[in-house]
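> Listed here are the chains, written in short residue letters.
There are 2 protein chains.
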Amino acid sequence: MSNHLTQVNFITPVQERIFEVEEKMRVQTDGHNPELGAALQHLLSSGGKRIRPAVALLTGGMFGADPEKLVTLGAAIELLHTATLVHDDLIDGALLRRGIATLNSQWTPAATVLTGDFIFARAAKLAAETNSVPVMRMFAITLATIVNGELTQLFASRGIANQEGYYQRIYAKTASMFELATAASTMLSPKDDGVVEEMRSFGYNIGMAFQIVDDVLDFTAEQATLGKPVASDLRQGLITLPALFYLDGHPDDPEMQSILRGHFFSDERMDRLVNAIRSSGSIQKSMDVAQEYIDFGLETLQKQPDCPERTALDELARYIVNRNI
Amino acid sequence: MSNHLTQVNFITPVQERIFEVEEKMRVQTDGHNPELGAALQHLLSSGGKRIRPAVALLTGGMFGADPEKLVTLGAAIELLHTATLVHDDLIDGALLRRGIATLNSQWTPAATVLTGDFIFARAAKLAAETNSVPVMRMFAITLATIVNGELTQLFASRGIANQEGYYQRIYAKTASMFELATAASTMLSPKDDGVVEEMRSFGYNIGMAFQIVDDVLDFTAEQATLGKPVASDLRQGLITLPALFYLDGHPDDPEMQSILRGHFFSDERMDRLVNAIRSSGSIQKSMDVAQEYIDFGLETLQKQPDCPERTALDELARYIVNRNI
Chain R
1 MSNHLTQVNF ITPVQERIFE VEEKMRVQTD GHNPELGAAL QHLLSSGGKR IRPAVALLTG
61 GMFGADPEKL VTLGAAIELL HTATLVHDDL IDGALLRRGI ATLNSQWTPA ATVLTGDFIF
121 ARAAKLAAET NSVPVMRMFA ITLATIVNGE LTQLFASRGI ANQEGYYQRI YAKTASMFEL
181 ATAASTMLSP KDDGVVEEMR SFGYNIGMAF QIVDDVLDFT AEQATLGKPV ASDLRQGLIT
241 LPALFYLDGH PDDPEMQSIL RGHFFSDERM DRLVNAIRSS GSIQKSMDVA QEYIDFGLET
301 LQKQPDCPER TALDELARYI VNRNI
Chain Z
1001 MSNHLTQVNF ITPVQERIFE VEEKMRVQTD GHNPELGAAL QHLLSSGGKR IRPAVALLTG
1061 GMFGADPEKL VTLGAAIELL HTATLVHDDL IDGALLRRGI ATLNSQWTPA ATVLTGDFIF
1121 ARAAKLAAET NSVPVMRMFA ITLATIVNGE LTQLFASRGI ANQEGYYQRI YAKTASMFEL
1181 ATAASTMLSP KDDGVVEEMR SFGYNIGMAF QIVDDVLDFT AEQATLGKPV ASDLRQGLIT
1241 LPALFYLDGH PDDPEMQSIL RGHFFSDERM DRLVNAIRSS GSIQKSMDVA QEYIDFGLET
1301 LQKQPDCPER TALDELARYI VNRNI
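Quick mapping for you: the protein sequence lines, in order, are chains R and Z. All residue numbers for the first sequence refer to my numbering, where the first residue is 1 and numbers rise by one. All residue numbers for the second sequence refer to my numbering, where the first residue is 1001 and numbers rise by one.
To be clear, the hints were calculated from the coordinates, so they are not data collected in a lab. Check before you lean on any hint, since a few could be wrong.
To be verified - Only pairs whose alpha carbons sit at most 25 Å apart, straight line, appear in this in silico SDA-like list of lysine to any residue:
hint, chain 1, residue 1, chain 2, residue 2
1, R, 228, R, 280
2, R, 173, Z, 1029
3, Z, 1069, R, 134
4, R, 69, Z, 1108
5, R, 173, Z, 1108
Claimed, not checked - A short, non-exhaustive set of chain Z residues, derived as facing chain R with CB atoms under 8 Å:
hint, residue
6, 1035
7, 1131
8, 1133
9, 1140
10, 1144
11, 1147
12, 1155
13, 1164
14, 1238
15, 1321
16, 1325
Heads up, the beta-carbon is just placed ideally off N, CA and C, and yes, glycines get one too.
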């Protein structure tokens, strides 16, 4: 169901491999309790852009890495991503993701925790099947980074809203996994550490941009497109870049001040705040930051040899700041 | 606080290394939120016999594996064990473990899930630091085995009580981690696959015995020693080997029948059942099975070269069936 991307050019060079990644993810659910199997199938097929595996496949393809191993790596990364979403939804108490009921809304916490653990375990097993110590090490470090980020967020006192904390959080949540996709796939190729570092940097930059654009879309897209209420982050007290820029310009906004103090208030007051942020310059400022990350990433990408995969990665990076979902 | 074992001979050859394992576990908690750090310190220092690291250190020591890597492996295994306990306690809703309040009883589910994930991540990172693909692969497979076992248990319909299911469950829960301790430590030595397999078998057998004895002690020990109510498994509807043997001899016992149907009943009726099991031959039958596993394990161990570590592993195996905690 990667229908968001199938019409997009950059996916073409790796479309067949993406299907293999999805098949590899699917077989991880075999041979288990039917109820669990059905839930896993549902989770794994419920959309998602498969952008992380696409990044890994294109990067590794650019450097001549073994396609089999790239498919394994792509499946490991997408499963890691899925596992973090399952535990995240439990932690947030989210009932919908991509407009579809979360596992958490239908199962007990116990089943949800274990299903997340199960997917983690399968992801780690696939990472091990790449047979590469550096890849496995980076996989473990990325997992640690993601969980640290979630813990920091959980323990963070309300009222702390600054850009440094925001960038740390989106690095842990999103950019770290894009780094894994680009660096680990390069590690599976004959390229040296210098190229690994360049591609890690590319992954970092497009990953940061990806999350900033996600956070912008949370304000600017329609509820039907989002599959959840507009500005759901802010409604849960989570302050992302558009709100941070707005706060810079409106330090005394009463609703912002309430959120900073951890207070909640009526939907009407929230809607007013959301509209104020939407119509302020904060959206454009946030998009400008995302574009800077993309420009920086593209600069690094240009150092790599010209080939169809590089062209596709270039398009993918530009797509990140031009998408509307 | 490994006071249970410090007076036991088999720990002597690796006592210093056990301290290094504990220190390595401890440093994994540094540099984080103080509240999380304190909780982790509490978790990691709250007893436990460190028997899994001891098994890994002795096995690897027997074959001349790098002591540094063995300490890293031992810490990875003990952290994996700790992480599964944290998620287990959440799943069981347990309020006490080893007589100490569980994280779960004091924190929100979100914090408990993430703390377990954090410890998993640290364990995976340490496993990666062994720099061994086979060790990392086995680590990932063991994680998958443990989680599968928990999921099977969670989804199992009540009323299914048979020895096959019991042995599968204790393999997933306990023996798989002993296998990891013995096989992975052998993998870090210059020994070939045949020896790895022999030591895996040794780990499997002592691990199976370890859990059976744990399940026996749950019936025979005093509440003060257990740090939780006697027969707490049965009180939660979990049927272990002593109860299975009792059921064989008393298929119509009304309380056993109620448990099989998932019904709960008064403490008085439960106490009657627990006393009936305690005074039946089921305890001895269970211990005989544990002893068979130990004998089989010892037979395999005798194939290895005679050395202080082999003697210590021999003592450790005998201790498993002779301990009272």
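> Take the C-alpha atoms of residue 1069 of chain Z and residue 134 of chain R, compute the straight-line distance between them, and say whether it is at most 25 Å.
17 Å, holds
> When the nearest CB of chain R is found for residue 1133 of chain Z, is that gap smaller than 8 Å?
5 Å, holds
> Quick one, are residue 173 of chain R and residue 1108 of chain Z close enough, alpha carbons at most 25 Å?
21 Å, holds
> Minimum Cβ distance from residue 1238 of chain Z to chain R below 8 Å?
14 Å, violated
> Please work out if residue 69 of chain R and residue 1108 of chain Z have their alpha carbons no farther apart than 25 Å.
39 Å, violated
> Between the alpha carbons of residue 228 of chain R and residue 280 of chain R, is the straight-line distance 25 Å or under?
It holds: about 22 Å lies between the C-alpha atoms, which stays within 25 Å.
> Regarding the pair residue 173 of chain R and residue 1029 of chain Z, is the alpha-carbon distance no greater than 25 Å?
With Cα atoms ~20 Å apart, residue 173 of chain R and residue 1029 of chain Z stay inside 25 Å; holds.
> A closest beta-carbon separation below 8 Å is what the hint needs, so does residue 1131 of chain Z meet it against chain R?
Nearest chain R Cβ about 6 Å off; hint holds.
> Closer than 8 Å between Cβ atoms is the bar; does residue 1147 of chain Z clear it against chain R? Give me holds or violated.
Result: holds, 5 Å to nearest chain R Cβ.
> Interface hint check: residue 1155 of chain Z, Cβ to nearest Cβ on chain R, cutoff 8 Å. Holds or violated?
4 Å, holds
> Should the hint that residue 1325 of chain Z touches chain R count as held when the rule is a Cβ pair under 8 Å?
With Cβ-Cβ at 28 Å, over 8 Å, it is violated.
> Interface hint check: residue 1144 of chain Z, Cβ to nearest Cβ on chain R, cutoff 8 Å. Holds or violated?
4 Å, holds
The structure does not agree with the numbered hints 4, 13, 14, 15, 16 stated previously, though it agrees with the rest.
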